[in-house]
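For reference, the chains in residue letters:
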Amino acid sequence: MKVAIKTAKKAASSGDSAALEMDSFVGLEREDLTILKLFLTWLKIGFTSFGGGAITQYLIQENFIYKHKWITAESYANIIGMCQITPGINIIAYTILIGKQLAGWLGIFVSVLGLILPSAAITVGISAIYMSLSQFHRVQSALHTVFAAIFGISLATNWRNIRPILRNNRQQGLLVFIVSLVILIGSGLIYVFFNPSVIVLYLLGGLSGSFIYWYVARKKVN
Amino acid sequence: MNWFLFFWVVFKAILFSTGGFGPLPSLHTDFLANGWATETQFAEALSIGQITPGPNGLWVVSLCYLVAGIPGAVLSCIALLIPPLFVLFVQQCYNRIAHLPATQGLLDGVVLVIASFSIIVLMGMFQSSGVDVLTVTIATVSAVLAVTRRVSINLILVVAAVIGAVMG
Numbered sequence: 001m002k003v004a005i006k007t008a009k010k011a012a013s014s015g016d017s018a019a020l021e022m023d024s025f026v027g028l029e030r031e032d033l034t035i036l037k038l039f040l041t042w043l044k045i046g047f048t049s050f051g052g053g054a055i056t057q058y059l060i061q062e063n064f065i066y067k068h069k070w071i072t073a074e075s076y077a078n079i080i081g082m083c084q085i086t087p088g089i090n091i092i093a094y095t096i097l098i099g100k101q102l103a104g105w106l107g108i109f110v111s112v113l114g115l116i117l118p119s120a121a122i123t124v125g126i127s128a129i130y131m132s133l134s135q136f137h138r139v140q141s142a143l144h145t146v147f148a149a150i151f152g153i154s155l156a157t158n159w160r161n162i163r164p165i166l167r168n169n170r171q172q173g174l175l176v177f178i179v180s181l182v183i184l185i186g187s188g189l190i191y192v193f194f195n196p197s198v199i200v201l202y203l204l205g206g207l208s209g210s211f212i213y214w215y216v217a218r219k220k221v222n
Numbered sequence: 001m002n003w004f005l006f007f008w009v010v011f012k013a014i015l016f017s018t019g020g021f022g023p024l025p026s027l028h029t030d031f032l033a034n035g036w037a038t039e040t041q042f043a044e045a046l047s048i049g050q051i052t053p054g055p056n057g058l059w060v061v062s063l064c065y066l067v068a069g070i071p072g073a074v075l076s077c078i079a080l081l082i083p084p085l086f087v088l089f090v091q092q093c094y095n096r097i098a099h100l101p102a103t104q105g106l107l108d109g110v111v112l113v114i115a116s117f118s119i120i121v122l123m124g125m126f127q128s129s130g131v132d133v134l135t136v137t138i139a140t141v142s143a144v145l146a147v148t149r150r151v152s153i154n155l156i157l158v159v160a161a162v163i164g165a166v167m168g
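Top to bottom, those sequences are chains A and B. Using the working numbering, you'd call the opening residue of the first sequence number 1 and step up by one each time. Using the working numbering, you'd call the opening residue of the second sequence number 1 and step up by one each time.
Next up, chain B with everything else stripped away, as it sits in the complex (with noise of 0.2 Å):
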């Protein structure tokens, strides 16, 4: 493994995203390019990281511990801390720049981008790890009940597993 490389793809792909998900696109891509993940890891790595406490991002760690051990973790974690110290910056100039219309249309065309490839890369990941009328129904009831805020995620999640331990 090249430390320096995985490094900077991983940290390339976090510097140039936001949020969780984020970096999603960029990390399925370069990953599954240079060999070092398979797409069953990805989703597993998306899972474990929902189950588990902190931010949603932290999947990321899961992700480079399956695939690189625990340097895989550690450079991941020093990766992920790194970018959002440019909030620091944006605090200073949020103030100038907030009101205008061309700031806010960044944001909202790189969000549109970012969802836009999320469903298109998960879409991919859902369809490998093995489509049935099981994960499909579980899948939509879950999407519905999302949208809908009827239900807590967590027990959505739990419920899920169960079903998938008892059908197992």
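With the rest of the complex left out, here is chain A (with noise of 0.2 Å):
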């Protein structure tokens, strides 16, 4: 707990008041933050992650909650609800948020680099790598059946992005089931046929959702 206190003390005096929120210390034998040890955990998740965004996110709960213990599984929620009204990459969000908690700006600075840098350079000198041995037919044909494996997976992920809302929506009744069948199968066509500015769709099925959402929820309380 001593250390704990103490880690607390160098974030307060950091400036972030996110940090002084004494509840996410209390029960936690935190190994002691340094901002060198902050850079070096992203370094190391960044440089090992092979294997995309799964395998990231793995990692960031591995080290930060259950190895040092510097957030806890409940503040670590929080997060991911927050990042998925975040535009971008929502690890990176992620790597934002717990950053800025540990550390304020210095945190959120390191944290970013730590994890960029690494994995962005991987991923230029395998592109790299690609390019100079991509006249070999059998790395074009690994690389081809690789795509149809990730196409194959997508539409597993996408199944279980989906799945969920439609889910919920049906027993929100009949109205909103249909409304977000409409949004899913309606965006597809009118892409398919009219071929507009993606964002334009991306406001339409939002706000149709916003307000049908709303809209069924008034129902309710009248």
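In short, the hints are calculated from the structure, not lab data. Every clue listed holds true.
Some but not every residue of chain A turned toward chain B, in silico, with C-beta under 8 Å:
no., residue
1, S49
2, G52
3, T86
4, I116
5, A120
6, Y130
7, W159
8, L184
9, G188
Yeah, the Cβ is synthetic: ideal placement off N, Cα and C, and Gly gets one too.
Got two chains here, each in a separate frame; can you build the complex from them with the hints?
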């Protein structure tokens, strides 16, 4: 606990009010946190998370919640919730919030740098290797079948993203369920036949969803 | 290459989407319209992005490197890092708006649109990359395995790569 308080004081001196939430420290035998250690932890994740986002998320939980105990599972769940309504890559948003909670603006800086620098460099490196090997038939053939697997996996991922929405909306009533299906199928049809700017369709889908949820909630109250 | 336009196209795609594959439809439309990339390069970048460490969204870095070299990769990194900073603003208001039905409706609506787009775009790429019995089988088996979560995604990708290298 002594260590935890020391860390809390250190975080407080960096001017981050979120780090002062003492409830996130209670009951934790935290490892002492320094900026260097924070940077190295992210660097390690950035270097070793071969296999993309799923592996990266696993390593973030593993390091920050279970190994170093720098954040609690509860505050991590909150972080995930907030990152769903943030533009861009969710994992970078996780990195920003974790960095901020632990060490303020400097924490954000070292966390993002530590994660992105190695993983982006390796991505560029592998892309370069691919470019020089792409004339080999076997390499192309391997990437070709990997893409087939990714196509299959992405069908599963998208299905898993929409399944809870459709299931939940069916319970909410026929109207909401039909509107969800119309957004899902309608946006696809509009895209194929009219090819409008993608942003227009996001707005259309988002606002339709927003309106119907608001309308149904209001009707329930009345 | 007009670097300012290039940056804007990538930045805009990321700013108005969420998740690693969110920017795909917008990037696909703009890169093809500007003649910067081919369907094949998209498929290659997506595959490379799955193998390499870090968020899946780094496939955008691979794509930009394949079509515009190191300057493209650096610009895409900057474009990837700015939009998620918006989360700091979200954190400020999250507690106030999280419980509103309209907030959830907005999120769900966008997720539905993204899912619909992504499947259409990926299907187009899959088709143009050459559909045969082998690739359809791999895609189907991968989808089933991913939904049932019987095996890790990494294993699926490794096995697919080995099958491709051996059969190729």
